[in-house]
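Protein sequences, first through last, are from chains A and B. Each position in the first sequence, counted from 1, maps to that position plus 3 in this note's numbering. Each position in the second sequence, counted from 1, maps to that position plus 6 in this note's numbering.
FYI, nobody ran anything at the bench for these hints, they're computed from the structure. C-beta: ideal position from N, C-alpha, C; glycine also. Just to be clear, a hint being listed does not mean it is correct.
Just so you have them, the derived chain B footprint on chain A, three or more residues with Cβ under 8 Å [to be verified]:
(1) 64 to 76
(2) 106 to 118
Once the Cα atoms are required to be at most 25 Å apart in a straight line, the calculated PhoX-like pairs of lysine-lysine come out as [what the hints assert, rightly or not]:
(3) A:K81 to B:K48
(4) B:K63 to B:K77
(5) B:K21 to B:K63
(6) B:K63 to B:K11
(7) A:K60 to B:K11
(8) B:K48 to A:K14
(9) B:K48 to B:K11
(10) B:K48 to B:K21
(11) A:K81 to A:K60
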Amino acid sequence: GAGVSQSPRYKVAKRGQDVALRCDPISGHVSLFWYQQALGQGPEFLTYFQNEAQLDKSGLPSDRFFAERPEGSVSTLKIQRTQQEDSAVYLCASSSPGTKNTEAFFGQGTRLTVV
Amino acid sequence: QQQVKQSPQSLIVQKGGISIINCAYENTAFDYFPWYQQFPGKGPALLIAIRPDVSEKKEGRFTISFNKSAKQFSLHIMDSQPGDSATYFCAAREANTDKLIFGTGTRLQVFP
Numbered sequence: 004g005a006g007v008s009q010s011p012r013y014k015v016a017k018r019g020q021d022v023a024l025r026c027d028p029i030s031g032h033v034s035l036f037w038y039q040q041a042l043g044q045g046p047e048f049l050t051y052f053q054n055e056a057q058l059d060k061s062g063l064p065s066d067r068f069f070a071e072r073p074e075g076s077v078s079t080l081k082i083q084r085t086q087q088e089d090s091a092v093y094l095c096a097s098s099s100p101g102t103k104n105t106e107a108f109f110g111q112g113t114r115l116t117v118v
Numbered sequence: 007q008q009q010v011k012q013s014p015q016s017l018i019v020q021k022g023g024i025s026i027i028n029c030a031y032e033n034t035a036f037d038y039f040p041w042y043q044q045f046p047g048k049g050p051a052l053l054i055a056i057r058p059d060v061s062e063k064k065e066g067r068f069t070i071s072f073n074k075s076a077k078q079f080s081l082h083i084m085d086s087q088p089g090d091s092a093t094y095f096c097a098a099r100e101a102n103t104d105k106l107i108f109g110t111g112t113r114l115q116v117f118p
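Just chain B, with the same shape it has in the complex (with noise of 0.2 Å):
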């Protein structure tokens, strides 16, 4: 069963526009909620992380907001640049495994 839903699937937005990517989770059971860039051909680098005791963490242009009453977290990526067109997951980490969860990912395109 897919533990974390992650929408849109596909983002297009101008440059300089913001950029808004949700994820939901299912599980109480997670205690850390990493989002990832992937380029093609690469793997996967951590952007920014959050723990469930915060509701808002910001880095540069990039800010995650997380909701834990409603199981819910977002990316938004201010000042959207052609360079942050990429693959982007979010993910959830199982506190008694390490393991990350993944949603299924956001292809973003940023057009000048």
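Okay, chain A solo, but in the shape it has when bound (with noise of 0.2 Å):
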């Protein structure tokens, strides 16, 4: 495609509830990021990805959070038994680094509310 694809764009769960959340980056690109958006605030990193490897997972919250990429393309964040805390806008971004251009591309989000 184009751009980054997110899907689900919204995903309602209850407490206690997996969740797995689908990125698709541009095609070709190395680097994959997951950030957390809440709410009136700043994307926060979550983890970082080149190719399958995953290089980065410092900013995943607990460890009901998890996310692969295991053919280096294709990203799922998993987040188990949700909490209320865990509400927000789930972005994914890619970039091809070593190359002149470093731009991150974001998704839409997927936004996740849990009830």
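Join the two chains, each given in its own frame, into one complex according to the hints.
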């Protein structure tokens, strides 16, 4: 596709439910990032992949959060036993490091509401 | 800890006026400073970016001023238009990790 695609756009989960959020990065982009954006705040880094390798997961708020990118393209962010404080927009971004253009392209995000 | 501080939180400007948003950073290991524009329900989109070896960059109505010694940078929007009404985020990229550290955002409203 032309841009970063995320699905679903909206997700309502009951507290304690597991959720999986999908990200399709721009074709050929090596780097993939997940960010969490709380209402009225700036995005906060969660985790980073280069191809299939998860190089940095320092931003994941708890061990309930897990991300994978098994084939170096599509990535999934999984949240187990969701809590109300997990409610936020989850943004995925991709970029192609090592090129002159280092822009990170963001998807539209998945808005997660935990009730 | 918040490594990138952004102000003001909100800004109201009349059409044709100049919008100015300021950011300051604490970490010297940043190598790239982008500004993102975000409309409601959309992801952030890159507006303009600067590297720390440059003091100013202009693209159309948008200018970044960068002061390395003061660890400050700012976005100027000249001839502001109602279509510029959005939330603007400054960010700084960590040189060794490529991750972006965002400011808290400025909600800009431009009235006709």
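Which numbered hints fail: Hint check: 1 fails alone, others pass.
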